[in-house]
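Chemist: Go ahead and model the full structure; you've got the sequences and the hints to work with.
Just so you know, the sequence shown maps onto residues 0 to 392 in numbering that gives the first Met the number 0.
In case anyone wonders, no lab produced these hints; they're calculated from the structure. Please note: incorrect hints may appear among the correct ones.
[Claimed, not checked] Here are the computed lysine-lysine pairs in the DSBU-like style, where the Cα-Cα straight-line distance is at most 30 Å:
| hint | residue 1 | residue 2 |
| --- | --- | --- |
| 1 | K135 | K62 |
| 2 | K181 | K191 |
| 3 | K62 | K183 |
| 4 | K191 | K135 |
[Said to hold, decoys possible] The following label-pair restraints were derived from C-beta to C-beta distances:
| hint | residue 1 | residue 2 | range |
| --- | --- | --- | --- |
| 5 | R205 | F325 | 26 to 32 Å |
| 6 | L279 | N345 | 23 to 29 Å |
| 7 | F325 | T156 | 27 to 33 Å |
Source: prediction; values computed, not measured. The beta-carbon is built from N, C-alpha and C at its ideal position, and this holds for glycine as well.
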Amino acid sequence: MFGHYPRRFALAAALTALFVAACAMPPSATGPDASRTGEGSSPVVGSAGPAITPLPISVTDAKYGLLTARTAPGARCQASLRVGLGVYGDAPPDTLPGQNAGADGFVTWTYATPRVPSGTAGYTLRCQGDNASETKTGNFTIPTHPIVATALTVRVTTDVPPSEQFNPDPSLVPLRDSSLAKIKATLATEWKSATRGLGSLVVDDRSADITMFVVAARGTSVHRRNPADDSQDIVIYVSDQVLGMRTVENNVAVALHELGHIWCCYGPDANDTGHWTTKLASPGLYGVDKYGLMTDPVTCVSFGAVLSCPNRFSDREMVALGFTNFPPPAPDPCITQSLSLQSELNSLGTQIHAIEAQYPRGIPAAIYDSYVAMVNQYNALVSRRNALPCDPS
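Modeler: In structure tokens, the structure reads:
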């Protein structure tokens, strides 16, 4: 079951960076005695220790994901970041690993850049040489970063999602892990197919547009958004709280559905949970796909042991995702085979009914064997069609 709780809001957690300031002892000095000197005495001459030269540091590049500086070769450097976080989603590291400047004096850090609210962020850089140290602070800008269906990056993880209350179930860990592996392996291909070849998706653990948390628990999977800071993430529960455990394939379909909520659905035809309120068949889509991915509730169909759920966006959903020109849906091989079998059934059925209409009192012996062969062929085709895991309606 796909669905959503009402949108929730949570207080953003504040990230406090640790500032390390270098303190140098002032040079020692001895001044003349304040009392008058006696006759024949010599005045005390003041002395000072050697001056300490600050370690040279020049920050040459500072932007989200990169910090580069130049200092004395071999100096040991550390850095920390100050980045404003959203209610939902991932965070960049708050500290960067220490490293030594190279022979040319350069030291460079690259780090993960999950999508965070745009604004001003900062860094603190401290380098320590043999006899001196220095600290530099500065700011850099995190630009506005819109999410687009044609270049989508997703981090898929089993980390605990922020601001989400749930009861972990150890018995669901195997399903969580297999679902995680399946989503990582197939999500890019499924996204391209769902968007009729126009969308592009990369699973990226470092610089994701959105993070997808796969949870070993029962619950309603949800796309979460905080309008105040536009932070977003997705929580996938591997077991539905009503229908129970899902297959790994169905969890991939759930992932597609929740990704669709980044853009869909709004307006008079949608409800406040982001779903279409009316089911509108889309030309070229059949069976479970014919209404698209974003209806409420999403209808899945059972074919024996196989539970089939939608994995194609409808025409109106393609528009919501930002596509203005798009081709008709690619033929589904299962649907194509089912429609071909149905065509054969229609032809045989016409012939059988014609014979039965011509001989209402009984079929003559001369054509009876042929009639029986057609009936047997018809029944065999029905069995083949019914065994297919798709619905051509």
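Chemist: None of the hints should be skipped; say for each whether it holds.
Modeler: Hints, verified against the model:
no.	hint	verdict
1	K135 to K62	holds, 15 Å
2	K181 to K191	holds, 16 Å
3	K62 to K183	holds, 29 Å
4	K191 to K135	violated, 46 Å
5	R205 to F325: 26 to 32 Å	holds, 30 Å
6	L279 to N345: 23 to 29 Å	holds, 28 Å
7	F325 to T156: 27 to 33 Å	holds, 31 Å
The structure does not agree with numbered hint 4 stated previously, though it agrees with all others.
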